[in-house]
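*Asks:* The primary structure of each chain is shown beneath.
Number of protein chains: 2
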Amino acid sequence: MAKLYHVPLSPFCRKVRLSLAEKKIELELIEERYWEKEADFLRRNPAAKVPVLKIDGKTLAESTAICEYIEERYPEPPLMPRAAEARYEVRRLVGWFDDKFHNEVTSKLLYERINKKVMGLGFPDSGNIKSGARAIKYHLDYMAWLLDHRRWLAGDTMTLADFCAAAHLSALDYISDVDWNRQDSVKDWYAKIKSRPAFRSILADVIPGFPPPRHYADLDF
Amino acid sequence: MAKLYHVPLSPFCRKVRLSLAEKKIELELIEERYWEKEADFLRRNPAAKVPVLKIDGKTLAESTAICEYIEERYPEPPLMPRAAEARYEVRRLVGWFDDKFHNEVTSKLLYERINKKVMGLGFPDSGNIKSGARAIKYHLDYMAWLLDHRRWLAGDTMTLADFCAAAHLSALDYISDVDWNRQDSVKDWYAKIKSRPAFRSILADVIPGFPPPRHYADLDF
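Protein chains in written order, with my numbering: chain P, 1 to 221; chain E, 1 to 221.
By construction, these hints were calculated from the structure, which means they are not laboratory data. Any given hint might turn out to be false.
You can't tell identical chains apart in this list, so a pair holds if it fits in one copy or across any two.
As the list claims (entries may be wrong) - Using 27 Å as the maximum straight-line C-alpha spacing, the simulated BS3-like pairs for lysine-lysine come out as follows: (1) Lys24 / Lys192; (2) Lys23 / Lys187; (3) Lys58 / Lys24; (4) Lys100 / Lys117; (5) Lys100 / Lys58; (6) Lys187 / Lys24; (7) Lys3 / Lys54; (8) Lys100 / Lys116; (9) Lys54 / Lys187.
Here chain P stands alone, though its shape is the one from the complex (with noise of 0.2 Å):
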């Protein structure tokens, strides 16, 4: 059986776990507490990063290299289109989420309020939190301006930049930085993806000393 090594709030462990459990790859979850650098994780992962993953015999970091190469070797169903020009949107958008919208967004509301307590590195920074909050109006926004031109993010099939999207907004419902009343489309996408099979590992996560609001499982949010 395949092996994550994980934290359970971080988008990038949320990704891979989405793209497995999709493509029906069962998964043994094993809760990595990365920021000791324990020596073993180290071996397994010289950037000390989660996820890692064990499939096929070998050991894999950087959850985008790993996202595509589950897509490679277990490609039903399929999370990318053919075309390139429509695998070079899910790749864009991918991107985006991943790097801007991690960097103005997840760092500063999910790292402030969840990481920094967990790791024992003091209080919130109320500055960054202000800046995340102000960010993510933008980034909704912007969803919502793909979502008027298209059924999912990157075109009219479901794909990898929908999970990778999701799997930001799903930590960030956990502390209810989500503000779902916003776009109507946002909301409608997120109900669509929150209803797979797929998605039912990451809404029953439980971090612990920090139980979800009600509204973070429930379908009908």
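Got chain P; can you put chain E on it based on the hints?
*Replies:* Just chain E, lined up with the frame of chain P:
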């Protein structure tokens, strides 16, 4: 002809330039002062980042998504191997350099010494410079460890991973921040890449007010 909106020392732009040049795709380079967020440029890329590539009648952003697109549309000569496992290793290393190396080294040295000045953001922060100078040693050692086992960074053929690493190192070499005497195998690897025709445009870059050191364009450095 394809057009690239870029800044000369950006490693992300250099990675795209190297890929296009290796595939002999003719390119017009247009310097873009992206930090001034001029309206026309924001229309080309709402992320307000370079590179932005106009090719095949399309406007593309996000350097890794661009390079994957180029590879799929212009497969010869290949910069990605065929097997899923080998492709994974290329993508893992591209992630390593564009994420980890970038955060720990490029942003600490290049951005402090050059970008801050060009963008009018004040003086370099000496703490960042020290941290970048310390981190690059570890990265050069990691590259040497890879090159002990392989002819190129990701395996026995030259790939996008080599261009990605060379894009970062060449930009740092422009400001004399690479100690080529630290690891012979890394120096040999860079000498091989540097002598490729695809590298010529990068070696000809000159930033007004920051002339390159003599060894920068010298193939026998």
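*Asks:* Honestly, which of those hints from before does the structure not fit?
*Replies:* 9
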